[in-house]
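Whenever a hint applies, use it, and build me the whole structure from the sequences.
Order-wise, the sequence lines are chains A and B.
If you're matching positions, the first sequence starts at 186 in the working numbering and goes up one per residue.
If you're matching positions, the second sequence starts at 13 in the working numbering and goes up one per residue.
FYI, nobody ran anything at the bench for these hints, they're computed from the structure.
Values in this document were obtained by computation on a predicted structure and should not be read as measured data.
Among the clues, some could well be false.
[Unchecked claim] Under the rule of at most 35 Å between Cα atoms (straight-line distance), these lysine-lysine pairs were calculated in the DSBU-like manner:
#: 1; chain 1: B; residue 1: 63; chain 2: B; residue 2: 33
#: 2; chain 1: B; residue 1: 209; chain 2: A; residue 2: 283
#: 3; chain 1: B; residue 1: 63; chain 2: A; residue 2: 497
#: 4; chain 1: B; residue 1: 217; chain 2: B; residue 2: 105
#: 5; chain 1: A; residue 1: 556; chain 2: A; residue 2: 540
#: 6; chain 1: B; residue 1: 209; chain 2: A; residue 2: 325
#: 7; chain 1: B; residue 1: 149; chain 2: A; residue 2: 288
#: 8; chain 1: B; residue 1: 105; chain 2: A; residue 2: 380
#: 9; chain 1: B; residue 1: 47; chain 2: B; residue 2: 103
#: 10; chain 1: B; residue 1: 20; chain 2: B; residue 2: 47
#: 11; chain 1: A; residue 1: 380; chain 2: B; residue 2: 204
#: 12; chain 1: A; residue 1: 288; chain 2: A; residue 2: 497
#: 13; chain 1: B; residue 1: 105; chain 2: B; residue 2: 32
#: 14; chain 1: A; residue 1: 374; chain 2: A; residue 2: 401
#: 15; chain 1: A; residue 1: 288; chain 2: A; residue 2: 192
#: 16; chain 1: B; residue 1: 33; chain 2: A; residue 2: 380
#: 17; chain 1: A; residue 1: 338; chain 2: B; residue 2: 213
#: 18; chain 1: A; residue 1: 397; chain 2: B; residue 2: 213
#: 19; chain 1: B; residue 1: 20; chain 2: A; residue 2: 283
#: 20; chain 1: B; residue 1: 129; chain 2: B; residue 2: 33
#: 21; chain 1: A; residue 1: 283; chain 2: B; residue 2: 129
#: 22; chain 1: A; residue 1: 371; chain 2: B; residue 2: 103
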Amino acid sequence: MDECYNKRLVQDRLRELFFLSGYDEVETPTLEHIDVFTGVKASIEQDQMIKLFDPDGKILVLRPDITMPIARIAATKLKTSSLPLRISYICNVFRNQKAQSGKQSEIAQAGIELLGVSEPEADAEVIATAVQSFINLEIKEFQIDIGQVEFFKGLIAQAGMGEEWEEEIRSHIDQKNMLGLELVLKESKISDSLKNTIYDLPKLYGNGDMLKTAQKMSNNPRCESAIENIREVYSILMDFGFERYLTFDLGMVQSFNFYTGIIFRGITSELGYPICGGGRYDRLVNEFGHDIPATGFAIGIKRILMVLERQKNLCSIPTVDVLVVCERDYRQEAYCLVNKLRSDGYRTEVFIPTKQDYDYISYANKKNIPKIIHVDSKGSHEMSTIREV
Amino acid sequence: MITIALAKGRLAEEAILLLKKAGVDCTAFNKPSRKLILLSPTDNMRFILVKPSDVPTYVDHGIADIGIVGKDTLLEEGHPLYELLDLGYAKCKIVIAGFPDKKNSWITHAHTRVATKYPNIAQNYFSRLGEMVDIIKLNGSVELGPLTGLSDIILDIMESGKTLAENGLVVLEEICDVSARLVVNRVSLKTKSTAIKELIKAIEKALEG
Numbered sequence: 186m187d188e189c190y191n192k193r194l195v196q197d198r199l200r201e202l203f204f205l206s207g208y209d210e211v212e213t214p215t216l217e218h219i220d221v222f223t224g225v226k227a228s229i230e231q232d233q234m235i236k237l238f239d240p241d242g243k244i245l246v247l248r249p250d251i252t253m254p255i256a257r258i259a260a261t262k263l264k265t266s267s268l269p270l271r272i273s274y275i276c277n278v279f280r281n282q283k284a285q286s287g288k289q290s291e292i293a294q295a296g297i298e299l300l301g302v303s304e305p306e307a308d309a310e311v312i313a314t315a316v317q318s319f320i321n322l323e324i325k326e327f328q329i330d331i332g333q334v335e336f337f338k339g340l341i342a343q344a345g346m347g348e349e350w351e352e353e354i355r356s357h358i359d360q361k362n363m364l365g366l367e368l369v370l371k372e373s374k375i376s377d378s379l380k381n382t383i384y385d386l387p388k389l390y391g392n393g394d395m396l397k398t399a400q401k402m403s404n405n406p407r408c409e410s411a412i413e414n415i416r417e418v419y420s421i422l423m424d425f426g427f428e429r430y431l432t433f434d435l436g437m438v439q440s441f442n443f444y445t446g447i448i449f450r451g452i453t454s455e456l457g458y459p460i461c462g463g464g465r466y467d468r469l470v471n472e473f474g475h476d477i478p479a480t481g482f483a484i485g486i487k488r489i490l491m492v493l494e495r496q497k498n499l500c501s502i503p504t505v506d507v508l509v510v511c512e513r514d515y516r517q518e519a520y521c522l523v524n525k526l527r528s529d530g531y532r533t534e535v536f537i538p539t540k541q542d543y544d545y546i547s548y549a550n551k552k553n554i555p556k557i558i559h560v561d562s563k564g565s566h567e568m569s570t571i572r573e574v
Numbered sequence: 013m014i015t016i017a018l019a020k021g022r023l024a025e026e027a028i029l030l031l032k033k034a035g036v037d038c039t040a041f042n043k044p045s046r047k048l049i050l051l052s053p054t055d056n057m058r059f060i061l062v063k064p065s066d067v068p069t070y071v072d073h074g075i076a077d078i079g080i081v082g083k084d085t086l087l088e089e090g091h092p093l094y095e096l097l098d099l100g101y102a103k104c105k106i107v108i109a110g111f112p113d114k115k116n117s118w119i120t121h122a123h124t125r126v127a128t129k130y131p132n133i134a135q136n137y138f139s140r141l142g143e144m145v146d147i148i149k150l151n152g153s154v155e156l157g158p159l160t161g162l163s164d165i166i167l168d169i170m171e172s173g174k175t176l177a178e179n180g181l182v183v184l185e186e187i188c189d190v191s192a193r194l195v196v197n198r199v200s201l202k203t204k205s206t207a208i209k210e211l212i213k214a215i216e217k218a219l220e221g
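Pasting the structure below:
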């Protein structure tokens, strides 16, 4: 019960922030045809999707992600809407997890998507919303780690060594595996300066100063514009006063088939995995037939709750404020009073005797209810007995 | 506070030697003890001793920030971690071994039976080759597989090759070299970056000298 209460608090705060920031909430179907998630460059592998069959034998999946259904809506129902589109969601997604890995198959998420703008202002707005979310949720000491996949893509395009090689390089960079990276590079027929830059990529992480180092290293236009893009977003976020939350990592190269620009993750020292993740995915909506850029992020609600718990920042459910005890002859008066109390914002419970608790005073004591109103007469109900227990 | 997960046994002993050399206070290990969590009083460090195959799990969940474990275990468990250093000890090879007379014929079997402690590595390796195999998971003395007829071949780590030779088995294929690695949780590297970077630099220095 306490977990559910805290989960609702988190969801309510996020919903309010997204709403006040101009985002409209959507709900997408829980069951979708598998095509929604596989016809496109997906960020989720097919074996991670939980599948079922419809009566015609077609394959359905339990929504493994919300970004793709939202892209589909943006490209169809909302095609004629004026841009930018600001969409938010608070839903569960479903994924097959490795057995006994301690990860749940049903994942509660909340997030936003900002569609139709490719400017750095959009990336900054999305990251700022993530920062503001964590501030509003009262998470202490979090960090947003920002990367740009175009930097890596620029380097491997320059190398031109083919897909298999690229994947090998990517996985070594992703794991910051210097030895593995060195061995692959040693055998590659590419220029030494490019080798050195690729070799240094896993080390390109840290605060804003790292961007200067990266700028010196990039000697092709694609990498340069990637760095320029990060710097623009960084400068906007500095104007918002968010500098202290930001770190950078150009070796962040997961899901790079899906993302096309700035990517980021929210982290805290209490949890070994990110509490949010997102970035720019300019090609996805086009896969559904409408060529507009997009960026967004998702927060893992369960992970937020884990962090709040470890930071000792969870709430317990407030007790009931008033217990109304009603004598048989005065039900009508009692019910009027209960309604009045509830509309005044008091959490009000009507006493129903049970075998264990036929005495309302001991019941109120047991449940820590501070006030009792005994309705045992007609007339002004405010005048009924209120007494401290 | 940094938490380091060590693989119990020989790997831990060598890891402690290396950490000492890197200037880490390892006095907690001086007295023989059955404690599973050890604290280093001066360095603000905590050690947990776990089974080798559990090291990547502790690091993945961020319960340990750093882990020291064999590359074979990392390949088998497949967690997304940062693999920052090759520590150079516990060197061995992952190989396929079997009887020499089956060397050229086992591939043609419709379903070669492979006994191994590493079912995931075996699955990945053979599916990349496009070969159908039946994997039989064993927990030790894998060489017994072909000897008793439980399997046609084995996939295992090999240090000197002595055990294989004494049992009449030969290496049919070498898959890769493995050794002890230092792995770091993806979030810890960022949130505890100063402390972790210092430690890694010290270990790198100890490895060189």
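Checked hints:
1. Between residue 63 of chain B and residue 33 of chain B the CA atoms are separated by roughly 24 Å; this keeps the pair inside 35 Å, and the hint holds.
2. Distance hint between residue 209 of chain B and residue 283 of chain A is fulfilled; the C-alpha atoms sit about 31 Å from each other, no more than 35 Å.
3. Taking the CA atoms of residue 63 of chain B and residue 497 of chain A, the gap is about 31 Å. The hint holds against a cut of 35 Å.
4. Using a Cα cut-off of 35 Å, the hinted pair residue 217 of chain B and residue 105 of chain B holds, with the two alpha carbons roughly 26 Å apart.
5. About 22 Å separates the Cα atoms of residue 556 of chain A and residue 540 of chain A, which keeps this hinted pair within 35 Å; it holds.
6. With a C-alpha separation of about 23 Å, the suggested pairing of residue 209 of chain B with residue 325 of chain A holds against the 35 Å cut-off.
7. The hinted pair formed by residue 149 of chain B and residue 288 of chain A meets the criterion: a straight-line CA distance of about 24 Å does not exceed 35 Å.
8. A C-alpha spacing of about 28 Å is found between residue 105 of chain B and residue 380 of chain A, which places the hinted pair at or below 35 Å, so the restraint holds.
9. Proposed proximity of residue 47 of chain B and residue 103 of chain B is supported: the alpha carbons are some 28 Å apart, at most 35 Å.
10. Taken as a hint, the residue 20 of chain B and residue 47 of chain B pair is honoured in the structure, with Cα atoms around 12 Å apart against an allowance of 35 Å.
11. Annotation: proposed proximity of residue 380 of chain A to residue 204 of chain B holds, straight-line Cα distance about 29 Å (limit 35 Å).
12. Proximity of residue 288 of chain A to residue 497 of chain A is assessed by CA-CA distance (about 22 Å); at most 35 Å being required, the pair is judged to hold.
13. Of the supplied pair hints, the one linking residue 105 of chain B and residue 32 of chain B holds, its CA atoms being roughly 27 Å apart against a limit of 35 Å.
14. For the proposed pair residue 374 of chain A and residue 401 of chain A, the alpha carbon gap of about 23 Å is at most 35 Å, so the pair holds.
15. Between the alpha carbons of residue 288 of chain A and residue 192 of chain A the distance comes to roughly 18 Å, so the proposed pair stays at or under 35 Å and holds.
16. Restraint check for residue 33 of chain B and residue 380 of chain A: the C-alpha separation of about 32 Å stays at or below 35 Å, so the hint holds.
17. Under the criterion of a C-alpha separation no larger than 35 Å, the hint pairing residue 338 of chain A with residue 213 of chain B is consistent with the structure, at around 29 Å.
18. About 23 Å separates the Cα atoms of residue 397 of chain A and residue 213 of chain B, which keeps this hinted pair within 35 Å; it holds.
19. Of the supplied pair hints, the one linking residue 20 of chain B and residue 283 of chain A holds, its CA atoms being roughly 25 Å apart against a limit of 35 Å.
20. Between residue 129 of chain B and residue 33 of chain B the alpha-carbon distance is near 33 Å, which keeps this suggested pair within the 35 Å criterion.
21. At most 35 Å may separate the alpha-carbon atoms for a hinted pair to count; residue 283 of chain A and residue 129 of chain B meet this at roughly 19 Å.
22. Proposed proximity of residue 371 of chain A and residue 103 of chain B is supported: the alpha carbons are some 21 Å apart, at most 35 Å.
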